[in-house]
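Colleague: Spelled out, the chains give:
Number of protein chains: 2
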Amino acid sequence: MNIGIASDRSGLPPKTIRYYEDIGLVRPDRTDNGYRDYSVADIHELRFLQRARSLGFSVDECRQLLSLYQDRNRESADVKAIAEAKLAEIDRKIAELASLRRLLSHLVEHCQGDDRPDCPIIDELAGERMAR
Amino acid sequence: MNIGIASDRSGLPPKTIRYYEDIGLVRPDRTDNGYRDYSVADIHELRFLQRARSLGFSVDECRQLLSLYQDRNRESADVKAIAEAKLAEIDRKIAELASLRRLLSHLVEHCQGDDRPDCPIIDELAGERMAR
DNA sequence: GCTTGACCTTCCAGCTACTGGAACCCGTAG
DNA sequence: CTACGGGTTCCAGTAGCTGGAAGGTCAAGC
Numbered sequence: 001m002n003i004g005i006a007s008d009r010s011g012l013p014p015k016t017i018r019y020y021e022d023i024g025l026v027r028p029d030r031t032d033n034g035y036r037d038y039s040v041a042d043i044h045e046l047r048f049l050q051r052a053r054s055l056g057f058s059v060d061e062c063r064q065l066l067s068l069y070q071d072r073n074r075e076s077a078d079v080k081a082i083a084e085a086k087l088a089e090i091d092r093k094i095a096e097l098a099s100l101r102r103l104l105s106h107l108v109e110h111c112q113g114d115d116r117p118d119c120p121i122i123d124e125l126a127g128e129r130m131a132r
Numbered sequence: 001m002n003i004g005i006a007s008d009r010s011g012l013p014p015k016t017i018r019y020y021e022d023i024g025l026v027r028p029d030r031t032d033n034g035y036r037d038y039s040v041a042d043i044h045e046l047r048f049l050q051r052a053r054s055l056g057f058s059v060d061e062c063r064q065l066l067s068l069y070q071d072r073n074r075e076s077a078d079v080k081a082i083a084e085a086k087l088a089e090i091d092r093k094i095a096e097l098a099s100l101r102r103l104l105s106h107l108v109e110h111c112q113g114d115d116r117p118d119c120p121i122i123d124e125l126a127g128e129r130m131a132r
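Taken in order, these protein sequences are the chains called A and B. Heads up, the first sequence is in full-length UniProt numbering, so the first residue is 1 and it goes up one at a time. Heads up, the second sequence is in full-length UniProt numbering, so the first residue is 1 and it goes up one at a time.
Read the hints as simulated data drawn from the structure, not as lab findings. Among the hints, a few may not be true.
[To be verified] Heads up, simulated DSBU-like pairs for lysine-lysine below, C-alpha to C-alpha not over 30 Å straight-line:
| # | chain 1 | residue 1 | chain 2 | residue 2 |
| --- | --- | --- | --- | --- |
| 1 | B | Lys-93 | B | Lys-15 |
| 2 | A | Lys-93 | B | Lys-93 |
| 3 | B | Lys-15 | A | Lys-15 |
| 4 | A | Lys-93 | A | Lys-15 |
| 5 | B | Lys-93 | A | Lys-15 |
These numbers were taken from a predicted model, which means no experiment stands behind them.
Full structure from sequences and hints, please.
Modeller: Here it is as structure tokens:
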């Protein structure tokens, strides 16, 4: 299968698929004319990568997950550990964004948003505490 | 003031301060020996940038906010618009992470995490729907 | 046989926002 | 005089692609 088909079936752009090959994730055969030739197993791996990436795993985590995927003797505990670490990371990010959100929405609420220059958002950024 | 002092007072690493100069955000004077020489106003701008960045504004948004900060005739509506756009973006990110979290925690809950190879997380990534 | 167009190839550059490191200069204290 | 803690520039690297240029391949249509 050519890369275009692999792209259609995996949901990854051709550029990304070539990139994944560059960094050693998926290594397809080559036909005589030099075109990449994807097997059904390759497509499965590409789909696997697509799903793992969209679940927020880094490329390096995907590399680990992929090798666990290929390992018939893997221990599910290994997979679970990676997923749990990622879960904790997601929680951290959500908490950070939520606190950001609180701060920013507080500022926005107190800004008139009119044609005058007075602006509590700028004041806060400038370091002048908001009068409440 | 030398860059080290500017760094202490703004909370930004020297490297970052030089970078901000490279991209045209803060332009300090130079002393005879070629050292950067920061005025009190420069420090205020650096602090402003530090706060805006930590609130999640991109460098480009910071550039806009900074020029509004410097503009005595700004309209607070302009600032509010930028802040509201950022707020909407934060909301989008939170929603995305929350949905990711749901999916991933569902998978983690169903994984035994033992020494056997069966793993619903891998199965899901491989595209086999979870039996529930 | 020739052209057109859609495909494929490689390689180089750019994106965000820094960060690390090398090689070198400046100023002061011992 | 030398050491040391500043400062300077410039180059390269990080993550994960993405865009674009220059060129090879293949099937269809005339």
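Colleague: Evaluate each hint against the coordinates.
Modeller: Hints versus structure:
no.	hint	result
1	B:Lys-93 to B:Lys-15	holds (29 Å)
2	A:Lys-93 to B:Lys-93	holds (10 Å)
3	B:Lys-15 to A:Lys-15	violated (33 Å)
4	A:Lys-93 to A:Lys-15	holds (29 Å)
5	B:Lys-93 to A:Lys-15	holds (25 Å)
Going through the hint list in order, the structure does not satisfy hint 3, though it satisfies all others.
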